[in-house]
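With the hints as constraints, model all of the structure from the sequences given.
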Amino acid sequence: MAELVTMPKLGFDMAEGRLVRWVKAEGDPVDKGEVIAEIETDKATVEVETSYAGVMFRHLAEEGTDLPVNAPIALVVDEGEEPTDDEIDALLGDAGADVPEKAASTEDENQDEPEEKKAEEEPEPEPEDEADSEATPAGGARSSPLARRIAEEHEVSLNKVEGSGPGGRIVKKDIESYLESMRAEGREVEAEAVGKTLQPVTAFTAGEIPGDEVIEMSRLRQAISRRMQDSNQNFPHFYLTRVYKTDALMKLRKEINQLLPDEDKLSVNDFILKAAALALRQYPNLNASIEDEEHIRRHGHVNIGVAVAVEGGLMTVVCKDADQKPIRIIAREIREMAGRARDRKVKNEDIEGSTFSVSNLGMFGIDEFAAIINPPEAGILAVSAVQQVPVVEEGELTIGSRMKATLSADHRVTDGAEAAEFMGVLAEYLEEPLRLLV
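Residue numbers are given in this note's numbering: position 254 of the sequence shown equals residue 279, and the series is strictly consecutive.
Worth flagging that the hints you see were computed from the coordinates, not collected in a lab.
Beta carbons are placed, not taken as given, at the ideal position from N, Cα and C, and that holds for glycine.
There are no misleading hints in this set.
Derived lysine-lysine pairs resembling DSSO-like cross-links, with alpha carbons at most 27 Å apart:
#1 K290 with K370
#2 K290 with K279
#3 K197 with K370
#4 K279 with K429
#5 K372 with K57
#6 K185 with K197
#7 K345 with K370
#8 K372 with K34
#9 K290 with K198
#10 K185 with K198
#11 K49 with K198
#12 K429 with K350
#13 K290 with K345
#14 K429 with K270
#15 K197 with K49
#16 K276 with K350
#17 K49 with K34
#18 K372 with K197
#19 K279 with K350
#20 K345 with K372
#21 K345 with K429
#22 K270 with K290
Label-pair distances were calculated between CB atoms; the ranges are:
#23 L459 with Y264: 28 to 34 Å
#24 E106 with I321: 53 to 59 Å
#25 P286 with E446: 36 to 42 Å
#26 D289 with E233: 49 to 55 Å
Right, dumping it as structure tokens:
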């Protein structure tokens, strides 16, 4: 029996998605629950699974096509089944769906034109100079804007780089791997040249300044733009910053990590997530969102969103019920979800349902920053680097471990005094970290 596969609704606010790549080609066998395509939404690129088993009979949409939710994208049939065009049209009619026009239909129409007219409209391409082609950094290969920019900066032809992204797309790590291999070869050449006559150093000349580049914003970048603009304009933010003593936390983390394998070691952020979740349980107004002009929704679950840097933007993965989980489980879940987000294989449940967010830029050595609230949440904690700094302890100057964190809060939901108390409870957990383990 023929079954239609439609554009799934991968979020309550999703209206359309872009079909990025077909994983299953026409004629491939398909098992129930198997990934058949990759869909790009406003939030992420996700894998689409089918609830049918059989054979991928026909793609009803081309890669790169934007489609509304529930639009048909493919037809799966039983093995050996060959539905006619009339049967397919009837199936689409029953579903109330319009099939997106495929590029092939345009090609069929062009075939009806006289050959002489097509010859006039399509002049023969000029032969491409091979040397010029090699010198072109973009190289014509499928690549991300960031990969192209890095390639241009280092004068790398993308034709020489093997892509590891979807459909062989070249991404940042591919360029970095290629550059690393070139550096290694360069060191070998340099070693062979020892003892030879050194060439005189040529005078430095500035290179040609490149022209402006206009790039298309990805769906993720567009979504970030809309949400952050809305939050910054319509959410009355206020900010509180506090310095936390982290000597005991860093010591405890070191002792715990000595007992764990490398793949399970805990980060400072894992302790912060647990501490924030426990503090939120005591201050439900910060684990809340505006329901309407007259109501605030205090969420029963404490679901901590964690900002993860991905190619082309930022994504928030969500640790559900973080106040109920041991730190080791929090660490494992965040590590797995962040890995899927960076590999563009995020699941829908990975990115939905957050009630409060944490953004940590400590790994970049940032001293202090304030984050924009992620709607519809009421707060976000911006965490900076743990640093060894001069401090005064009992009247004496010494070296201590310190970390700054800034809370951005929605003034419609909470006030300064309550937010300050929350930051104080957070200090109790972080400065006496054994509380997080019991």
